[in-house]
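Same order as they appear, the protein sequences are chains A and B.
In this text, residue positions in the first sequence follow our numbering: the first is 1, and each later residue adds one.
In this text, residue positions in the second sequence follow our numbering: the first is 1001, and each later residue adds one.
Please note that a few of the clues may not be correct.
Partial chain B-side listing against chain A, Cβ under 8 Å, derived [to be verified]:
id	residue
1	Val1374
2	Ser1426
3	Leu1439
Hints listed in this document are in silico derivations from the structure and should not be mistaken for laboratory results.
Even glycine gets a Cβ: it sits at the ideal position worked out from N, Cα and C.
There are 2 protein chains.
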Amino acid sequence: MRSEFLEELILILGHPNVLVDDDDKAPYLNDWRKRYSGKALAITLPKTVQEIAQIVQLCAKNQIAIVPQGGHTGFCGGATPDNTGAQIILNLKRMNAIREIDKANQTITLEAGCILQAVQDKAADQDFLFPLSLGAEGSCMIGGNLATNAGGTNVLRYGNTRDLCLGLEVVTAKGEIWNGLKGLRKDNTGYDLRDLFIGSEGTLGIITAAVMKLYPLPISQWTTLVAIDSIESTIALLNLFQKRATSLLTGFEMMTQESLTLNEKHFPHMANPLQGNPPYTILIELSDHESEEHVRQLLETVLEEAFEAGLISDAVIANNLSQANSFWHMREHITLAQAEEGANLKHDITIPLSSLDNFIKETDAQMRSQYPGVRIINFGHLGDGNLHYNIAPPLGVDPKAFNLIHEKPIHELIYAQVERCHGSISAEHGVGQLKLEDLRAHKGEVAHELMKTLKRALDPQNILNPHKVVSI
Amino acid sequence: MRSEFLEELILILGHPNVLVDDDDKAPYLNDWRKRYSGKALAITLPKTVQEIAQIVQLCAKNQIAIVPQGGHTGFCGGATPDNTGAQIILNLKRMNAIREIDKANQTITLEAGCILQAVQDKAADQDFLFPLSLGAEGSCMIGGNLATNAGGTNVLRYGNTRDLCLGLEVVTAKGEIWNGLKGLRKDNTGYDLRDLFIGSEGTLGIITAAVMKLYPLPISQWTTLVAIDSIESTIALLNLFQKRATSLLTGFEMMTQESLTLNEKHFPHMANPLQGNPPYTILIELSDHESEEHVRQLLETVLEEAFEAGLISDAVIANNLSQANSFWHMREHITLAQAEEGANLKHDITIPLSSLDNFIKETDAQMRSQYPGVRIINFGHLGDGNLHYNIAPPLGVDPKAFNLIHEKPIHELIYAQVERCHGSISAEHGVGQLKLEDLRAHKGEVAHELMKTLKRALDPQNILNPHKVVSI
């Protein structure tokens, strides 16, 4: 039966697009962090939505599970198959056409396999901004961004991937094609199918194409680093910028002293230009469509007000694009510095801004008292309430040994604090395999049952990325 | 059994909150346009989410259908019961507490029965803008706004009701309470339950409370009317404002010559201040957080550019708030002028901006050739691609007689054009009873089947607002 199934796959896709040899399959079987690996009956490389519909129909008939995959840059193992070798991978990289750019409507229609950076570039060619931007943009694909509702650095102004999407094309668990590729800002024709598929990580349907919003390109951006003593002042500073600069505010990133100390250890050329490595370093970016003078003046006015109110103690404004980039690189290199330092425990969480100060004080205190010497590498998109609250072992302690003993209780301590503060245990990285159990424990019984009901209704055979996000 | 059921209802809510006398029930049984009326076993007036959960449990046990109701200002009969007298109405007006305003987080947590204008006022008291704004705001309720994903005049800048909502509290068809009241900008913990309930018009669950976004109050607004010759130039003007003024652009409304002629007939004091009643009159509003001078200068610069590019032939900038209000009143009175004129055929549609010119030319031509003398009262939120493309009979023809014969074929003609242009037959008013059949005909088979699957899964007994939006 297995060989018959593979023959039928080859009939649909042609020989070169069904990989069955171990060497050919290998690059598709591990996740980016090398935390998860699996086996697969075959890797399939479809080019059209019709081929995908046929594959799903064939899998439904044979009860074979499908793991959809984009650039497989995810953090949570959502695109890695299990170890049975009975699942197939459906990688969408060949489905990478930009179908249309509609300038008057300010939309782009593209296929799931488009690489994010290529989409940004294509939009910029036409004088538009495609605002989604994140570390993996050179290799992640728009299908994966939609499947995980990816966040990134522009969420503060432009929202998550969900907010950028107007319409979808999806292959259902029956192998039917839903063409919902409409570029409309208002459409109340019934239930919101689009948002149900977005963020479902391929467990309810396979996203094959989308209509996304475009925005006018800003003509000037100014970036600054400010030194600040407390989270309380940081929130006041954010609120000040929200009030004065409103939608010109496109970045508000926080880095703790400990994060930047680690950064400097591994990347000495990325030292903090602010004197004395302050408790919190905030990166602020304003983007403007009027003039360089307008935005620069606004930035200076608000910073002055912040100085006078005693919110900040120091500030450095980037003099040119290259300095602005170096500020952003400093922020982005924290993740790499952590990787250099060794394995660490990641927490991608959101806390309401009003509870952030309390969350950090309380969680830091508990961590330091229960795990003396532990390093709290806390940084993130503070403007969205999104922290990457990561834990590295005390200096000199072997990370693997430390994690083996402490991973679970540390996750539990932090997630309990998140729950107390009405936050989220999964902000922008998704659930996948990594947080399947955490989600079950923290989602709440009613919501978790609703999720299972939806999964059973839309994928009754459980063939779409089973045991990711929710198990039925 | 019926009297036993009523007794149990009274046990839950107390006597005064279960209306069974015809006189008491009457105000709840008709819709605002007097297009739909129904009967009800009882009107229930709960005060808490626990009471609502108990009512739903009781109804589930007795298989009695529930029609949730807010300010019942809807256009589509979504909150009106059927004629069997076997359904109960669950009116949420007593559940009208504002539970919390979180200033640092810029959110408001409120109950479904809050009147929209009261929410706007409460936000303004705290120096915040709650941007949702629509004609019925003096009596519509936030629960109904969420249930229908209401639009209005601020969508261009702030999005639909869906985009303003961060979290929900919902009573499910089983009578369970889902507490999803989180005020987070990023939360990827599983499927997007929130957006599934928003816009489902009470057919999948009953929305009882929500966390909504607040924004800083603008400090200056400038409103202008411009005269324009074609839709093509109108779109170019919109794109120009989007590029130069970006998020300062908060209103872009279109009124045709024919709409304003009708307006002036019934409200002579609302004559168009632009000379000669041009083919298209566009109302443009900019809102700024910097200064009056800044926004006024920006508006003048962009208008100058538009003159030079030959896009507009005349412009009047409001000199003061009262004149700005009179411009908006002119726009808002078109609906009232239509009501004065007699029954008319309404179409609340969206068209991609790039197809709008073609849609209007083609549809106008077909209407005028097939129905000579017909008046096309076309106006709306053009910035969102949202037209209220309404049809009045030729002068002197009785509207009721005209509609009796032509209603169905006119709807079909217009919806066929909408479909050809990849538009939506329901932009911001919802589906309810009015568009149930149209939706079935125009949604597409796969999407409509998905909707039925969701309805069956989440409300298997079909007790939540049955035969609204979708029939199973």
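Hints versus structure:
1. Val1374: violated, 26 Å
2. Ser1426: holds, 5 Å
3. Leu1439: holds, 6 Å
Against the hints set out earlier in the document, a violation occurs for number 1 only.
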